[in-house]
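Engineer: Following the hints, complete the assembly by docking chain B onto the known chain A.
For the protein sequence lines, the chains are A and B, in the order given.
Each residue of the first sequence is one higher than the last, beginning at 1 in our numbering.
Each residue of the second sequence is one higher than the last, beginning at 394 in our numbering.
No lab work stands behind these hints, which were simulated from the structure alone.
A couple of the hints might just be wrong.
Now the in silico label distances, taken between C-beta atoms and shown as ranges [what the hints assert, rightly or not]:
1. Ala505/B - Gly133/A: 35 to 45 Å
2. Pro255/A - Ile555/B: 49 to 59 Å
3. Gly501/B - Pro255/A: 31 to 41 Å
C-beta: ideal position from N, C-alpha, C; glycine also.
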Amino acid sequence: MLIAAAALAACSQTYAADDTLTIGFTVSRTGKLNNESTAQMRGFELWRDEVNAKGGIAVGDKRYKVSFVSYDDESANQRVQQLYTRIINQDKAQFLFSPYSSGLVATAAIVSEQHGRIMLTTGAAEEKTYKLGNKNLFQVYSSADLYLAGAIQVVKELYSKAEPALVYKDDPLSKAVLQSARKQVAEAGLRTALDEAYSPETTDFGPIINKIISAKADVLLGGGHYSDGATLARQLYDHKARLKWVTLLVAPDSPNFVTLGDAAVGISVPSQWESQVSFKPDFGPTAAEFTQRFQAEYAIEPGYHAAAGYAAGLLLQHAIEQAGTLDQAKVADVLNKMDVTTMFGRTKFSTAPKEHGLQIGHEMVLAQWQKKDGKLVKEVIWPKAAKTADILY
Amino acid sequence: MIGLIASLIDGVLVGAVYGLAAMGLTLIWGVMNVINLTHGAMIVLGMFALYFLASALGLPPYGAVPVTIVIGFVVGVVVYWTAVHRVIGRGHLMSLLSTFAMNMVLIGLGTALFSTSPYNVPVALPGITWREYTFTGAHVVAAALALLIAGLLYFLLHRTRIGKAIRAVADNREAAELNGIPTTQVLSFAFGLGAALAAVSGTLIATLFPFNVLSGGAYELKSFVVTVLGAMGNPAGALMGGVALGLIEGAATSFMPVSWTPVIEFALFVAVLILFPRGVFAFTRS
Numbered sequence: 001m002l003i004a005a006a007a008l009a010a011c012s013q014t015y016a017a018d019d020t021l022t023i024g025f026t027v028s029r030t031g032k033l034n035n036e037s038t039a040q041m042r043g044f045e046l047w048r049d050e051v052n053a054k055g056g057i058a059v060g061d062k063r064y065k066v067s068f069v070s071y072d073d074e075s076a077n078q079r080v081q082q083l084y085t086r087i088i089n090q091d092k093a094q095f096l097f098s099p100y101s102s103g104l105v106a107t108a109a110i111v112s113e114q115h116g117r118i119m120l121t122t123g124a125a126e127e128k129t130y131k132l133g134n135k136n137l138f139q140v141y142s143s144a145d146l147y148l149a150g151a152i153q154v155v156k157e158l159y160s161k162a163e164p165a166l167v168y169k170d171d172p173l174s175k176a177v178l179q180s181a182r183k184q185v186a187e188a189g190l191r192t193a194l195d196e197a198y199s200p201e202t203t204d205f206g207p208i209i210n211k212i213i214s215a216k217a218d219v220l221l222g223g224g225h226y227s228d229g230a231t232l233a234r235q236l237y238d239h240k241a242r243l244k245w246v247t248l249l250v251a252p253d254s255p256n257f258v259t260l261g262d263a264a265v266g267i268s269v270p271s272q273w274e275s276q277v278s279f280k281p282d283f284g285p286t287a288a289e290f291t292q293r294f295q296a297e298y299a300i301e302p303g304y305h306a307a308a309g310y311a312a313g314l315l316l317q318h319a320i321e322q323a324g325t326l327d328q329a330k331v332a333d334v335l336n337k338m339d340v341t342t343m344f345g346r347t348k349f350s351t352a353p354k355e356h357g358l359q360i361g362h363e364m365v366l367a368q369w370q371k372k373d374g375k376l377v378k379e380v381i382w383p384k385a386a387k388t389a390d391i392l393y
Numbered sequence: 394m395i396g397l398i399a400s401l402i403d404g405v406l407v408g409a410v411y412g413l414a415a416m417g418l419t420l421i422w423g424v425m426n427v428i429n430l431t432h433g434a435m436i437v438l439g440m441f442a443l444y445f446l447a448s449a450l451g452l453p454p455y456g457a458v459p460v461t462i463v464i465g466f467v468v469g470v471v472v473y474w475t476a477v478h479r480v481i482g483r484g485h486l487m488s489l490l491s492t493f494a495m496n497m498v499l500i501g502l503g504t505a506l507f508s509t510s511p512y513n514v515p516v517a518l519p520g521i522t523w524r525e526y527t528f529t530g531a532h533v534v535a536a537a538l539a540l541l542i543a544g545l546l547y548f549l550l551h552r553t554r555i556g557k558a559i560r561a562v563a564d565n566r567e568a569a570e571l572n573g574i575p576t577t578q579v580l581s582f583a584f585g586l587g588a589a590l591a592a593v594s595g596t597l598i599a600t601l602f603p604f605n606v607l608s609g610g611a612y613e614l615k616s617f618v619v620t621v622l623g624a625m626g627n628p629a630g631a632l633m634g635g636v637a638l639g640l641i642e643g644a645a646t647s648f649m650p651v652s653w654t655p656v657i658e659f660a661l662f663v664a665v666l667i668l669f670p671r672g673v674f675a676f677t678r679s
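If we strip away everything but chain A, and leave its shape as in the complex, we get (with noise of 0.2 Å):
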C-alpha cells in the first residue's frame, strides 16, 4: 500500500511538473524605473491569475499552468544581463517577458537570443534592439519614431508658429524618439528653440528651464521617464515657465502623476494606450472589462505599461495556443503570423529580417490631464476619432 501510495505520489509530482509553464522575466522593484516597472509587472500578473484561473493555456490536449520566474534587476542593465541568464539557464524558463525600459531590455535581448528564447518585450519602443538581427522578439509596444507625432501635429494646429523646446533624457528610449521628433517639428514648419539632452541623475531643473525660458519657447516636447519627468512637471509648474504647451513621455501617463495636483494640469502624454479606448477584441477582454478587472485587484487605474504587460500575456497565450505546442519554432512561427486585436488594438509583428518583431500594427494616443469637476482626470485628445474630450490649451 505505501509503495504504491509513494508511486502515485510520484507521477502525480512528474504530472504536476509537466503541466506548468515557466515564463521569466526582471521587474525593477528598486530604482528609478520602479514605478512602470510595478505597473507592468501587474499586468503580467493579472493575465497570469486570470489564466490559471480557467485551468491554464491550452497546448493542444492538455492545459498547462503558468508559472512566473522574476527578480529585482534594480533598473540596472548589470543586474539584466546576469538575471535573465539565470533565468534561462538555472530556473529554465520556456518563454520570457522583457523588463521595463528601452535601455534594459536591450541588453535582455543579447541574453534572450543568444539562448533562442522567445521575448515578447513590453517597455521597449526603442527600434534599434530589434533591427541588430533577431529571431525571437516580439515588441507589443509602438515604436518610439511614431511617440511624438500626435502631439507635433496638434502644436502645428493650434499653435502655427510654435517653438518648441526638445528636452529631454539623455536615455535609449528618449533620444530615440526625439530623433524622430526633431524631424517631425521641421517637416511641420516650426522652429527649434532649444534642443538639449539631461543627464538621467537629473534632479535640479532650474538651469535647464531658464534655458527654456531664454531661448523664449513657447512649447515643450521631451522628458524621459516617470521620475525625471514628474519631478521636470513639478518644477516647470514652481519656475512658473508660462508654456503653451507640454507634452512628456512616460510620466503622465501613470495614475502617480495625479500626486502633482495643479502642475498636472495641462500636460499631455503620448500613450500606448487609455482605459477609454474601445477596440473590438478579437480574443479576451475589451478594455473596459480589463479596466474593471485591473482595478478590483489593485484598486488603481492602469495605465499603458500595465495594459501592456497584460496584452504580453495574451498575445503569448494566443501563440502558443494556436500552435497547441510549446516549441519555441513553432510559437514564433505563430507569433511571425499574427495580425490581431486585443484590448490593447491592433498588433502586427514585422517579419523583415532588418526588423524582425518591429511592432507595425499598433497605433498611439495623445492623452491630457484635465481638471473635470475639481478632479484630475486623463482625457484622450487626439486622434480625433479616439479622442474622449476637447484638447486643453
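Structural biologist: Only chain B this time, still in chain A's reference frame:
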C-alpha cells in the same frame, strides 16, 4: 543677459546649501585632519529624516530642521567613536579607509531598508518672480536657512567656550590638552557638529529635489570641490566656495549643455588644486 542673471541668482541660492554641506566636511578636516567619507551618508540621513518626520509625524518640512541637526549630531558622535577615534593621528589612509568602510555600512543599511527608489517631499511656497523668471520659495528659504545656520556656527565657534575649545584643538591638540581641554570629547563634539551640518544640508536639499539612498555621493563630490575652493579647514571659506560653485554652475549652464556641468566642476577642482593649493579663499582662514 537677463537669463544669465537669473541663472546666477539661482546658482547663489543653491550654492549656499552646497556651502553649508561643505562646512561640515571642512570643519572635521580642520579640527582633526580626517577626510570624512561618511559625509555623503550624513547628507542622505538628513534627506530621509525630513521624509519620515514630514510624512510619519506630519511635521512641517522646515520644522524638521532642528530635529535633523540633533539626529545628525548624535549619529556623528556614534560614527566618531566607532570609526574615527582610534585612527586619528595614524595617517590619512587609515581614516579614509575607516570612514569609507563606515559609509558602505550606512549606505548598505539604507539600501536594505529603503531600496534605491526615489523619494520626494514636495514643498510649495510662493516664489519671487522677476521678469519671466521665478525663483522658487523653497530655494529662497533653503538659502536663507543655510546662511542662518552658517551664522550660528560662526557664533558657536567664536563666541562660546566649546567653540574656543574646538579652535584650540584645531590649532594644536597637545597644547590644548596641556591647558586642560578634554580634547577627545572636543573631537567627538566637532565630528558630531560636522555630521549635523551635513545632515541639515541634506534636509534642505530634500526640500528642493527628489532623492534616494545613493544621492549623497553627488553632493559629497560637490563638497570636496567646494572645500578645495574655500581652503580645507575653513568653514567661512567653504560657504564662499559653495556660493562660488553655484555661480559657476549658473554661468556655465547658460552657455553650454547642462550635462557639461560636472566636467566644468571637476576641471575647476583640478585647476584649483594646482594653482591655489591652499584654496582660493585661503586668505579668509579664521
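Engineer: Against this structure, judge whether each hint is valid.
Structural biologist: Status of the hints after comparison with the structure:
Evaluation of the 35 to 45 Å hint for Ala505/B and Gly133/A yields a pass: the beta carbon distance comes to about 41 Å. Hint check: Pro255/A to Ile555/B, Cβ distance near 52 Å, so the stated range 49 to 59 Å holds. A hinted range of 31 to 41 Å for the beta carbons of Gly501/B and Pro255/A is consistent with their spacing of about 32 Å.
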